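> Listed below are the residues making up each chain.
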Amino acid sequence: MKRIDAASHVRGEAQFVDDVPPPAEMLYAAVFSSSVMHGKILALHIEDARSLDGVVAVLTAKDIPGENQIGTVIPDEELLASEEVHYVGQPVAVVVGTIPEIVQKGVRRITMDVAELPAVTDPKEAFLEDKIIDTPQVFALGDVDTAWQKCDLIVEGLCDIGGQEHLYLETQRARAIPLEGDVICIHSSTQGPSLVQRHAAKILGISNCRVEVDVKRLGGGFGGKEDQATPWACMAALAAWHTKKPVELVLRRADDIRMTGKRHPYKSDFKIGVTKEGKILAYEVKHYQNSGSTADLSLAVLDRTLFHSTNSYFIPNVRIFGVCCRTNLPSNTAFRGFGAPQGMFVMESAIAKVAEKLGMPREDIQAKNLLKENDVFPYDQQARNCRTRMTWDKAVESYQLPEIRKRIEDYNKTHFEMKKGFALMPVCFGISFTTTYMNQASALVHVYTDGSVSVSTGGVEMGQGLSTNILTIAARTLGIRPGRIKIESTNTTRTANMSPSAASATTVLNGNATLIAIGQVLDRLRAVMAKELCVPEKEKITIVDEKVLYNGNETGWTWNLLVQTAYLNRIDLSAHGFFATPKIYFDKAEGKGSPFAYHVFGTAIIEVTLDCMRGIYDVDSVKIVHDLGRPINDLVDRGQVEGGLAQGLGWMTMEDLRFNEKGQLLSGTLATYKVPDVYFMPDDIEVTFLENAEEPLGPYGNKAVGEPPFMYGIGVFFAIRHAMRAFRPQNEFTFTSPLTPERVLLQLYYEKSH
Amino acid sequence: MSSKTHFLLNDKEIYATEHPGMLVLDYLRRIQKLAGTKEGCREGDCGACTVLIGEPDGDSVIYKPVTSCMMPLGELHGKHLVTVEGLNMPHLSPVQQAIVDEGATQCGFCTPGIVVSLTGYLMKDTKEITREGVKKTLSGHLCRCTGYRSLKQGMAFLKKTVENRTGTRSLILNKMIPEYFSQIPARLRRIPAVNINNEEKMPEYFIAGGTDIYIQRGDFLPESQVYILNLRPEMKGVSKENEYVRVGALTTFEEFANHPEIIRIIPDIQAYFLRVASLQIRNRATIGGNIINASPIGDVTILLLALESMLVLKNGERSRTVPITSFFKGYKQIDKTPSEILVDILIPTPSADTKINFEKVSKRKCQDVASVNTAMKLRSEYDIIREMVLSMGGVAPVPLLLKTTCKYFLGKEVSRETIEGAFPIIQQEISPVSDIRGSAEYKRLLARQLLIAHFTKLFPEKVKLRDFYETD
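So the sequence lines, in the order shown, correspond to chains D and L. Sequential numbering of the first sequence, starting at 1, is according to my numbering. Sequential numbering of the second sequence, starting at 1, is according to my numbering.
The set of hints was computed from the structure by calculation and includes no laboratory data. Owing to the predicted nature of the structure, the values given are computational and were not obtained by experimental measurement.
Straight-line alpha carbon distances no greater than 20 Å define the calculated EDC-like cross-link-like pairs of lysine to aspartate or glutamate that follow:
#1 L:Lys136 with D:Asp684
#2 D:Lys2 with D:Asp545
#3 L:Lys336 with L:Glu204
#4 D:Lys752 with L:Glu417
Construct all of the structure, not just a fragment, from the sequences and the given hints.
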């Protein structure tokens, strides 16, 4: 099946929030934000903006009728700054007016007097000043302190890992419409409709049931609209509340990049001990997460860094320390991978350093330490159905690693200016929200008398193909044509208390909830059918291709007839299904538990060519073996793998966030912040899915796919490093990302520039 | 300037009364309520707002993809503006079908722009549909979801369904674009030419391609007195004249790079320009605009500097000619009065034995601003350098001509020693600062590396990178 929304996409008919024709008298809003990174607000001058013809209102913290608070995990985040500002880009006021140009002009007319306070942007510096969020987290396994003595080689190092802008093509936006009886309806581009609902209610001082949030689709989210779609929706709601008019707030790209959080930069120190054969005996790592100004989701992101700090390897003695460091930057937030990429990057760096010291190929060290069935992770969960070795071996064999290695060695012998490099990148990623209570979802299914079906779930379509997956699951389960089924928008009035669409688990949770709801309807229909056919075993009734079968034989009944008969017999044709992932738990205080329903495994081989004269490089190929369980929809699943890979490659290479000493983002436009384009991405991308790898939790044997492929991209860093070492075997190279052409060239010619 | 803009929008005839400086993107979304055209960045980098602009060419109309976020409404006069809605038929077009079949749309936000660009590709009379052609067409589109493989894969479908049927007429016949396209040439001919009143009061802004001014001043143009230069077609085009090639200031990058006279002078021009800007930008950005913008890192400027071009400036009927080598006075300061307009660029025809090379290093290889760019024009006899002009961008407040370095090379033999001798001189001559494009230290290193690169490219037999590595 093709994607269900593809035809409307290509015709330009797919509607995003602001594509829906505006309601009469709709107003527009824009945001005035802080231009200093830390300071006390002395005065806010909004008169010049307010007096502008066409400006209807200028709203500040004082105009919030409820509580000025949008922190999800810790209440440490104001919607509009009231007394202090903590980063450049922090919203302070909202200008509301008749046309977008006027509100932009209004924003330019606002000024603010601020007494600047000392600020910090470096996580280690913040840590030393005790600016941390909550308490540090530690996972430990074995006895790392005594294990060092058994090691033949111990190396230490540090990683400096860059952040990443989400760059969803559709910027943050919302449209709020006031309705009668103190009710507000918000069309928001959010991954978390219930988060928007709760916070808008809190801001307005009304109950959750008075806020209806509706989400049709997102023009990309990638985590950037999990927690951080909330402020813009709340501002639109606040403006609609005060003006009693519909209000639309669409962030311009430059505002979006400046005001919203990104993937967390990390500084991490590692120490690793190995035998002379390359067996890893001990690993210790300290992660200093640059959380930005508020908690946001940083604590959960840090947890996942700890969960994935040993990636696909079994290490008997491990100590992992992590801390969220509060800095004066926009609050960093969820982004595909959610802390795991940083943890894995440090592990891979440690292995690279060991390999270089031992004079062994990096992939030999990797291969010696791969996870096996029943190996224990540092958080106590055991690796089950572990396919690390399987994907590794399959990648090595089917993509012919020995040939790749030989071809690259030969090339490097015969070329001086150009060098090639390669790297293997195994990935092991746990599926479930690590905050256990969030692993729940519900679905609402209506069957209408004409046999058509409506399905609502708590999952948001953001390009990942959720609607197509849900439709496929529904059609397969009901045994009817997909064309009969409509997947509804995600709406808080139809679905309550939804977890955000995140953690790769949206299809797992909402697909299973859909199965449960449909199961209830089918059960009732079977009972009707059994009665009509006068047969005792309703379990033997199935529906295939819209025909009702008994024991596999046609009964002469169709889906339509069955539905109509059930209706006339006053049978409920609607059902609400609820799913909670079974058997998962985690004790955060102990750092122990079994937080994941299962793990996703895979291995990638990445090849690059480096121009050692200019420091620029090409990614030649990426070849992946990925554990997907059983695909629901091959096009959708493949798209997730390739898209995740592209973002991972970008994160490691060109996506370079730079702030100046005043905390202003220098790479705040698409002219200065570069993401992979059609030329950067290699033509040669191969993806092989493991066969016969059904995951019992499903739905339909499928495994979550959103995040894990992102981390294949990490391999490109080590492939480029491999090529750099071929040119300059004696140079010491850093583990600083992204590995931009600048960092490459300066390290290749270190002595020329010093 | 006429306050009514008379043009065709898809199959409709339009008399727009909105401000001529209004963005076509805003006009489409807000006034016409055509929401298929998306705003992704408002600075020409993402391609989500791509539309086709059709201009009469004899009996037919030539269509080019451009980003509507940097194009003034007033420029549409007498043209055909095509949005994704204008490509829709009851059935899916081959481009639309290819994207659906390959799963090449995920969130769908970038998709309409891509449909428009790929349709523009098929509307050209391309003999063959190639992977490179598709990539070139997609070069100005950012997709954050797919990783582009599925989009590139769409090429196979198009090859199967459309090959040998490209070109507007053939696409109409085969019902691959709507029937109304067949009437467009005649309908456009009926639109009277616009009257430009040059005596009107001094405009606040001159707009050429708009690819820089809309980024810098986009909020102000729709309410300012603007002068849309592109309504003066006489300032376009490339022609050979005696000792030089004349390039109209409004000639776009794409017209420049495709012109045989330019290819004769700079044989690798198309390869260079692939890296300079995307197709949509190359269809808009003008050679004159690049010079007048006076960015110290303008790619075309750096090239024209090494070619020792002459600039013809006009003020009403008066005109004067200035060498580009003395045109840049300081950061964004140029030898031009506000009322003067750059009309022509004269490129002296180099002798047959002159070699030209252009180098550019940027964070992303294509469609990115350079960290350092440089061009070299060199003539040698028996490996003795007789003439040399070397320009470099990103290393000074102005596009820099490295005069002292060039003087040093004159009369010397091309060799590792000669080039090494230039390293301290070039470092003296440049004064880079650290910015988002790179640290000063990096730019200094690039100056060294790219000087070597010029010579290894132009004299591969004489100079190799290895020589510099092993000896110093």
